[in-house]
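Read off the chains here:
Protein chains: 2
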Amino acid sequence: MIRHGLAGERGEYANDDDRPLTDDGIRRTKRVAKRLHELGIKVDLIQTSPLVRARQTAEILLSVGLSKQLEPSDNLKPDGALEHWLGWLQSWRQPGRNSLAIVGHEPDLGTWTEQLVWGEARQNLVVKKAGVIGLLLPDDAPVGHSQLFWLTPPRLLLD
Amino acid sequence: MIRHGLAGERGEYANDDDRPLTDDGIRRTKRVAKRLHELGIKVDLIQTSPLVRARQTAEILLSVGLSKQLEPSDNLKPDGALEHWLGWLQSWRQPGRNSLAIVGHEPDLGTWTEQLVWGEARQNLVVKKAGVIGLLLPDDAPVGHSQLFWLTPPRLLLD
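Sequence order for the protein chains is A and B. When the count follows full-length UniProt numbering, it moves up by one through the first sequence with no breaks and lands on 159 for the last residue. When the count follows full-length UniProt numbering, it moves up by one through the second sequence with no breaks and lands on 159 for the last residue.
Some clues are possibly wrong.
No distinction is drawn between identical chains; accordingly, a pair holds when it is met within one copy or between any pair of copies.
What the hints assert, rightly or not - Result set (DSS-like, lysine-lysine): computed pairs, CA atoms no more than 30 Å apart in a straight line:
(1) K42 / K128
(2) K68 / K30
(3) K68 / K42
(4) K77 / K30
(5) K42 / K30
(6) K129 / K42
(7) K77 / K34
(8) K68 / K129
Think of the hints as simulated: they come from the structure by calculation, not from any bench. On a predicted model such as this, the values are computed, not experimentally measured, just so you know.
Next up, chain A with everything else stripped away, as it sits in the complex (with noise of 0.2 Å):
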């Protein structure tokens, strides 16, 4: 999961759909994504939400060579259900077809997160703009049982 970047204030565009990352916020995606590419990071899909800040963040991350595959989905919107997307994942999901990033928007990665691996949300996780949470899903039974093996702020990636 990684979270779109610093996108501009709220309040200067009349949608806040259309809000689009700033020129410090495109800089410091693209260096997150050269250095997830570095890291050796492929992706078969990128998916993210339809809001103009996450998906020039999913274009950036398309851009580096992350995956060859990017594409929208309502899911991903601010207060999308988890229970919706996990049921695209079972549908996505078969040999061959089985990692995934997709970029959105917090609170949402951070409690869909939680329910993950913990089964119930508590706010505790801190994800920052352009910040990236790994996880490991099972076949079966994703929400608490996924496991957390990465979280990490841009600050604590780059050099």
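Got chain A sorted already, so can you dock chain B onto it with the hints?
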């Protein structure tokens, strides 16, 4: 929290407490320590399990300048109780003395983290040898109310 580095095989030593880091474990732990230092991490105290593999790991962290102080603590031995360590922490914490690295063992570090952040342990954190966990503990009632901001295996920390 930092898990000790790669150590010799269990069974090669009459007393498991005496197992040292392997040459490879020392090399990799030094790289992790240098990286933490490069990231600007400094702590008021490094506390370590007294077991050889942990003590060696802590000495490497000390040698790169992560802290000026190192002390062993029996609370960090395998199967140490979080409650005892929290008792010590309460007495240690004071203004100007609040950042701490602890070097210990699995599954304890993962279990303690889960207890601190979610109040109960499900063994769903993956904590690799020389892996790092970053936590923020509130002054009062840290169990179930601490925040997790970092979890990384060496592979995703080093170049």
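Hints, verified against the model:
1. K42 / K128: Both: 22 Å inside a copy, 21 Å across copies.
2. K68 / K30: within (17 Å within a copy, 36 Å between copies)
3. K68 / K42: within (9 Å within a copy, 40 Å between copies)
4. K77 / K30: within (22 Å within a copy, 42 Å between copies)
5. K42 / K30: both (16 Å within a copy, 28 Å between copies)
6. K129 / K42: both (21 Å within a copy, 24 Å between copies)
7. K77 / K34: within (25 Å within a copy, 39 Å between copies)
8. K68 / K129: within (23 Å within a copy, 33 Å between copies)
In summary, this structure violates none of the numbered hints.
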